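Participant: Residue numbers (my numbering), protein chains in the order written: chain R, 2 to 248; chain X, 2 to 248; chain D, 2 to 248; chain G, 2 to 248; chain A, 2 to 248; chain Y, 2 to 248.
Hint data in this document are derived by calculation from the structure and do not stem from the laboratory.
Chain copies aren't distinguished; within one or between two, either way the pair holds.
Capping the alpha-carbon separation at 27 Å, the derived lysine-lysine pairs in DSS-like fashion look like this: (1) LYS212 - LYS245; (2) LYS214 - LYS8; (3) LYS212 - LYS8; (4) LYS171 - LYS245; (5) LYS171 - LYS212; (6) LYS214 - LYS245; (7) LYS7 - LYS171; (8) LYS214 - LYS7; (9) LYS171 - LYS214.
Note that the structure is a prediction, hence the values are computed from the model and not measured.
These are the residues of each chain, in order.
Number of protein chains: 6
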Amino acid sequence: MFYHDKKLQYTVRVETPDPRFARMLQQAIGGVEGEIRVMLQYLFQAWGARGPAKYRDMLLETGTEEIAHVEMLATAVAMNLEGAPGSMQEQMAKQNPLVEAVMGGMDPRQYLSAGMAALASDANGVPFDGSHVYASGNLAADMYANVTAEATGRALATRLYHLTDDPGMKDMLSFLIARDTMHQQQWLAVLEELGGQQGVLPIPNSFPQEKEKQDVSYAFFSTAVDGIEPPSGRFTSGPSLDGKGEF
Amino acid sequence: MFYHDKKLQYTVRVETPDPRFARMLQQAIGGVEGEIRVMLQYLFQAWGARGPAKYRDMLLETGTEEIAHVEMLATAVAMNLEGAPGSMQEQMAKQNPLVEAVMGGMDPRQYLSAGMAALASDANGVPFDGSHVYASGNLAADMYANVTAEATGRALATRLYHLTDDPGMKDMLSFLIARDTMHQQQWLAVLEELGGQQGVLPIPNSFPQEKEKQDVSYAFFSTAVDGIEPPSGRFTSGPSLDGKGEF
Amino acid sequence: MFYHDKKLQYTVRVETPDPRFARMLQQAIGGVEGEIRVMLQYLFQAWGARGPAKYRDMLLETGTEEIAHVEMLATAVAMNLEGAPGSMQEQMAKQNPLVEAVMGGMDPRQYLSAGMAALASDANGVPFDGSHVYASGNLAADMYANVTAEATGRALATRLYHLTDDPGMKDMLSFLIARDTMHQQQWLAVLEELGGQQGVLPIPNSFPQEKEKQDVSYAFFSTAVDGIEPPSGRFTSGPSLDGKGEF
Amino acid sequence: MFYHDKKLQYTVRVETPDPRFARMLQQAIGGVEGEIRVMLQYLFQAWGARGPAKYRDMLLETGTEEIAHVEMLATAVAMNLEGAPGSMQEQMAKQNPLVEAVMGGMDPRQYLSAGMAALASDANGVPFDGSHVYASGNLAADMYANVTAEATGRALATRLYHLTDDPGMKDMLSFLIARDTMHQQQWLAVLEELGGQQGVLPIPNSFPQEKEKQDVSYAFFSTAVDGIEPPSGRFTSGPSLDGKGEF
Amino acid sequence: MFYHDKKLQYTVRVETPDPRFARMLQQAIGGVEGEIRVMLQYLFQAWGARGPAKYRDMLLETGTEEIAHVEMLATAVAMNLEGAPGSMQEQMAKQNPLVEAVMGGMDPRQYLSAGMAALASDANGVPFDGSHVYASGNLAADMYANVTAEATGRALATRLYHLTDDPGMKDMLSFLIARDTMHQQQWLAVLEELGGQQGVLPIPNSFPQEKEKQDVSYAFFSTAVDGIEPPSGRFTSGPSLDGKGEF
Amino acid sequence: MFYHDKKLQYTVRVETPDPRFARMLQQAIGGVEGEIRVMLQYLFQAWGARGPAKYRDMLLETGTEEIAHVEMLATAVAMNLEGAPGSMQEQMAKQNPLVEAVMGGMDPRQYLSAGMAALASDANGVPFDGSHVYASGNLAADMYANVTAEATGRALATRLYHLTDDPGMKDMLSFLIARDTMHQQQWLAVLEELGGQQGVLPIPNSFPQEKEKQDVSYAFFSTAVDGIEPPSGRFTSGPSLDGKGEF
Ligand SMILES: [Ca+2]
Ligand SMILES: [Ca+2]
Ligand SMILES: [Ca+2]
Ligand SMILES: [Ca+2]
Ligand SMILES: [Ca+2]
Ligand SMILES: [Ca+2]
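Could you build the full structure based on these sequences and the hints that come with them?
Facilitator: Dropping the structure here:
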């Protein structure tokens, strides 16, 4: 089960609130590359795990860490929306700064639906969608799904880093980016423990390969009709990566 | 931030796995009345709170408890899908029990997408949808949203209770139902602390009522064209519930 | 069945069309706090009602009123998009005012998909989603759902009020806000008729409470690990609100 | 604005309740071919109309009629779910008929979420989605969208007709099918009034055709690479349907 | 099966990249009137076709053409986002032009999620939704659905034409508009081959009309309560369009 | 641009039509692990590519191949729904086989909405959702996303293989499984060409690592409160996988 305290995992501060940046942060909260997604993905993988306890435990550890990332980002959104302080929210008269912020680039629902706070949505206001919680029941497939989530998540975090000049926001993002670095490693390390590409490929490796149409298992197919050669590379000749065939 | 241990909040056991009941439990996980929703709803309300710290703290407490409810239910789904044990999942030959389960009433994606485990979806396979995370920035509105979530959630849990004969499942549900009882009370208690109906109505009470069209603020409108009297009740005559008008 | 005439329920006028405000109004049409939602919610509750006819009748009355609110708001959107008058819509040359409006803050789909009119979507263009139509089959749960809808709906309407200077729009909103005031009362009045908290709690009250885990039915659980006392309040000591327990 | 009475537009009766048919009817309520969709589609087209008042008036008339169709179908769903009568819903012990119905083919959310009533969803439980409300701001495009809605809607209704033996249900469907027949005519009649294909094509006809790449405006393109002739037909030779070109 | 070459179907060039126009183009890619929709719609109609091979073949031809339209538009999006050239994307320092573009009107996910490229979403970032792929199994219904798609699609394309001054973009759109002109004709030509309105109405015409409630099959119903006459037109008197009745 | 012929990429035959298996196949068409997704994912990655032409070309090749996989599966769905032959579809009387199929386990919308054909939806009728089209603008992240898609896709295909006894269906799946084997290799081969883990990590590697909080970049964090040691493994000690740190 789960516990909490009142601390954030890492300091969140905002020197100059920026409602437009509050919108951008939504992508890291409720977007397909965001923290709600990885939180639920790792937890569901843990809860459905039937393999070695060690990986279930690890997924629970990191899934729990991700809840704290959602917390940091939701806090950052609220801070970027300050200046429309709580006590003023409902009764304020029409004031240009607020109206301009809502009308001109922030997510209007952060005001209209949330009274100047974060939503469980992405930067375009599209609600978080549970179909992105990949937990396939196959450990290797899940590890690749997790690397993908952390790779697109880190790409997102570095892009957010480029969009802000606020030292507080840059500091918070430098922490989240570092954790993404670690999490990429972590899931790849599991794949290495499972024997690397030769150990896990093809995924799932429990299906007897003699039942697949093996003459096309290691062949690059071209669909080009212009008579131009298909690209050549590591995938068009040489031994296959699982050591079981020849391209 | 957040922590975990390996215990469940309350025992989950299944005497006779039932893949069809595993489908039903999905509604309590990823449905609009489910536990992912209340978990995120209470946490987002806490993270966006600008009012008294006491309520923010309470929301964090209970939001964290709800994560453990998702955990219990996801565990229960996996247990109801046993009999298609993990080691057999991928390589088994066509066996009637599994095929029948998948084809005949369970959620096929619990097998096809999750390898016999829970999804972040409802009983019809519709993914959890973050737009149900209500956190309006108004404490009274949020408390009513929370009562609603626990009322529909408890209705759901009692209906699930009727659908199963399994003593383990009935025991788990009796715990979740009791917690819903408490949580209904908890949010209503906040409303009482805020002054009850006279204290909070109309929501939001920060908007100056002289700016609303007050001649229609306490009048029941009938849209009937059949000459039949509209229903009469507490809402058609007598003092208004906020003590500010007359129906 | 249903009828109409060509009048609006209340005057809608716009002195200075504002395409950006037309976007904001979408939240009150197709958003989760909006009028399509309450219209369908009250009507579905009526159509599924198996209890006293009186409440079914009332739900039909008010559900029908809400259709007129969608109509007012859709009309308001079209008026705020005027200046790109109908006859010019398709054939006009590139004119800065229109281009600027579409490019700079209005919902582009109001032009691209609707030719300068309202959509069945929210302020971010997210389509109306029928999963927000709560009709649980339990009257008390539904009444709380309805209070929530009117509380978040009125919060939304007052926030829209703050975003506009247009006297016509303020006038229209003052009417809608007043109706929300009444509707909050109306659903709470039903709860009072049902016996208030002691009469309806826990919801659903048809489930025999001896079957729930009663030792946790009135206990506040803390998940804090920092040794700090949980918040105390009406929900941590004293008699329970349903008069059936002690916190 | 809108009005109602307590009558249905046409009698709804069910001789033998069938929970599985209750699921199928959901497609006609909340599906993409369903009645919520046409109701909102015609009303939004009316509310956004800038052309001749006559068509706006007609759209309002028929949009209002469609609300009554949703009402009939929601009533039919509730009737097909009877036998699990209201008073028994919550407190009943586990009884095979209900459990079997929920587990074996009905939409489980009709019980779990709605207590044996209709939802604003389709036959697979997918919520109604407002993006299907086509109201393009172009009368001819909208009329074709309406014909499409009534054609797919009538196809759906006739398929439902084949799935039931219940005389009451067949009778209700024979009425809805007849109304779809009329509505197909109605929208096509508007197109005839607008001048037929020569009058409206290409849609929108306000765009100056000399600005389009006219050498490809009436040419059938083949993407086949197998040397086989493309199909020939009315669309490969002869005058174009708008009288403006030659295929 | 399918093949490709590296050419575009028609030249795409952009003289002055405009990130805000890149957002608008998303509607034509992933919007309900867009090219992913028609591509999948025509292909699914072909793959499910059971009628004359000729129409299946035609649907395959044109469905394949539509893939090339998605390709042109995705290319146009990438070109409108240039100036943030590939090599600079990740490592650039905070530069006002990019930050301004992301913050001020472009779809932020084109940067945050796609690194300056197109998404499978509409102009508001709402993901493409497969429920808009109409393939009803009835040829006449499908042809009307296709006319609708091309009518709303051409309306969209002409509106995009009005929003840009870029000669390259206008040229590309003039091609797509012309193809929409042809495709409208093409589907209407099939309806003519099927016998026109008298041949196909009511859709589906395989249902025996004596089983529908024929007294209401050709009657316009008014729901007006204001005593004002309903509109009269081609649909209120005269022979029905299918020659089978009288209005 | 794109071309087609009338051949399938590989034979599709069904000896014994099985409407329930037709439902399961939907997951491979419109599910998150399905073929529409990879088709669009590879094509969007190609269309947005700014790196070496070689990878863009390869993505186009394989994206085009995937269209043929959707075609095979949609054909397989139609074949599994035969026995309700086309000519009979609309006019047949109530016949038990069809009614039973629709009522008892097949996707009802394959009949109700599609007249016995495939939909652009998953096995639960949830429409395909374009947000699963990952094209991040970072080649390494995209390759991991592609491996994930092929790993979950192959897991799905092998699970479908277990659910059918039909020799034709097993044969078709053995082909699709083999292609998934190859495609897993293909994307991993690109990662090897990019320098393997040392070459691409952390993703994106264009962000200067001195700007991230490097003290937490290679540290496993435990969130456990039960005093139990976190799991140890390749990810808790030893050199990091990118050769840049130490766990
Ligand atoms: Ca994270
Ligand atoms: Ca709970
Ligand atoms: Ca209202
Ligand atoms: Ca109708
Ligand atoms: Ca096109
Ligand atoms: Ca494939």
